[in-house]
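A.B. asks: Residues per chain, in single letters:
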Amino acid sequence: MDSTLKEWLLNAVMVVALLLVPLWAWLANEPFIITLATRIAILALAGVGLNIALGLGGMVSFGHALYLGIGGYVAGIAAHHAFHGTTVLGLPGTNQMLPIWAIAMILSGAIAGVVGALSLRTSGIFFIMITLAFAQMGFFFALSWPAYGGEDGLPIFVRNQFPGLNTLRPWEFFLISYGVLLVALGLFALLRAARFGAALMAIRQNPDRVAALGITPFGVKLVAFVLSGMITGLAGALMADLTRFVSPAMMAWTMSGELIVIIILGGVGRLFGPVAGAAILVGFEVFFGGLTEHWKLWLGLVLLGVVLFARGGIIGLIAGRAHHG
Amino acid sequence: MADPVLSLEGLSKSFGALRATDQVSLTLLPGEIHALIGPNGAGKSTLMGLISGTLAPDAGSISLGGQDITALSMPQRARAGLGRSFQVSSLIAEYSALRNVLLALQAHDGHSFRFMRPVMRDKALIARAQAILARVGLAARASVEAGALSHGERRLLEIAMALALQPRCFLFDEPMAGLGAEGTARLVDFLRGLKSEAPILLVEHDMDAVFRLADRISVLVYGRIIATGNAAEIRTNSDVRAIYLGEEVAS
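Chains as they are written, first to last, in my numbering: chain A, -18 to 306; chain B, 2 to 252.
The set of hints was computed from the structure by calculation and includes no laboratory data.
Every residue gets a Cβ at the ideal spot worked out from N, C-alpha and C, and that includes glycine.
Incorrect hints may have been included.
[Claimed, not checked] Computed, partial: chain B to chain A, Cβ under 7 Å: (1) ALA72; (2) MET75; (3) PRO76; (4) ALA79; (5) SER91; (6) ILE93; (7) GLU95; (8) TYR96.
With these hints in hand, go ahead and build the complete structure from the sequences.
C.D. replies: See below:
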């Protein structure tokens, strides 16, 4: 079978399975399963963001937890002020997801713009270290910010709301997360196939060649980095609403590592790589986490296997290597 | 005499004590092929780097179509009309030949910040790319990944990408390298036809090809141009014979 067709079928299976499993759980009254599926969808969304920078642009950001945390704190802080009827920077809080998402994306994008403008002048290990340094700055800032809980984190007492849906019901909150994920996947597919994606993927492979054609790699990479941060920031806002809690741990370097692991497990640069990767990660956490507290050891072995023997991740293993036409 | 398309004025570049480029002045006139030859280590690569913008000169200036481009970056020079090929084929390895040319066309059009329209459904753009591939004889290889093309095909794809830029002048760095006799002969014919579209500054080791093609030849030795002239003048120039062509001419 043609490998492009194979990948499309595989993607379709994931789209349907990610919807049908929680649907079944909803009918069978298994809210825990729905929450797991929601977690997969949100982690996958964060991964779609990172996949733009890392997968398409080859920018190994080891600090994407920063944007996850920014999105999370936007949701947490907005809900906090809405709950207490206080203001922040002269503005009232809000418990509405849509404005929260907008602010989370704008703020994540702005910070990603600053981080990108400084870090994209370097490459390789220096780029990795600078992105990590910025995320650590965010982590310690959140840790030492008593107004919003400091190291104790900030609870969201009532999940933020979405017009026309009851977000407190797991199934309906899942549908929101799933819908956002599908939109993000659609945008990823569009920009990858468009001229922007063509330039970005070419820059990953051969920046000097692209520069000699008259395209400035820095500008293309910076825009990609900002878009990447925005989508991961949006995932952060949803993540905070899922757990109804936001803490500095969301910005920890281990979280940045987890996002990279998701991409590598699923398949770097593949449209559904983050979905497959997030499903594997959450699956391991649940199945092996129930057997042993050292489940990350087994995940590590799988990661080792993927890096050594299946560089294209699970998607590459099943559908073959990527084709750019 | 017509105004030069590309002109170098007193260009110098040193690496420590080594003067890799020493007061080089050179012009590329409309419709000509100007070849740059010189023994290994003469500073040809440094000079190509200075012109294309990978290196910054210590002194001197470069102008393209009357515009001073000395301070411009490599992408800016490309947009100003400098179409270069690389000494060692430099392509987008995972992209098909077609997509490599599409990328060059996209760069020439100046629209890389488009996020919605799929490139592979842009029929007009694809038709242009296929026409260019056909010109260099790669039409049948359009869908092959650049990394899987033969050495000679990669050289041709380099040329195709330069064509797509529709530059004011071409900068070809050893395009014949490794092409074989037949490939070289075909490329010589092709370049002869191309020079009327835009003049070519050609760095080439294949002396046969250079003497057949070049309207003018400049000889670079130790970073300096020791002679410029047509093929006959260079062949008979005593300095060139002594320093560069010595053995070949003697035999």
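A.B. asks: Take the hints in turn and mark each one as holding or not.
C.D. replies: Status of each hint after checking the structure:
1. ALA72: Check failed: Cβ of ALA72 (chain B) comes no nearer than 15 Å to chain A, outside 7 Å.
2. MET75: Holds: closest Cβ of chain A sits about 5 Å from MET75 (chain B), inside 7 Å.
3. PRO76: holds (4 Å)
4. ALA79: holds (3 Å)
5. SER91: This hint holds: SER91 (chain B) lies near chain A, its Cβ roughly 5 Å from the closest one there, short of 7 Å.
6. ILE93: Hint holds; ILE93 (chain B) Cβ to chain A Cβ min 5 Å, cut 7 Å.
7. GLU95: holds (6 Å)
8. TYR96: holds (5 Å)
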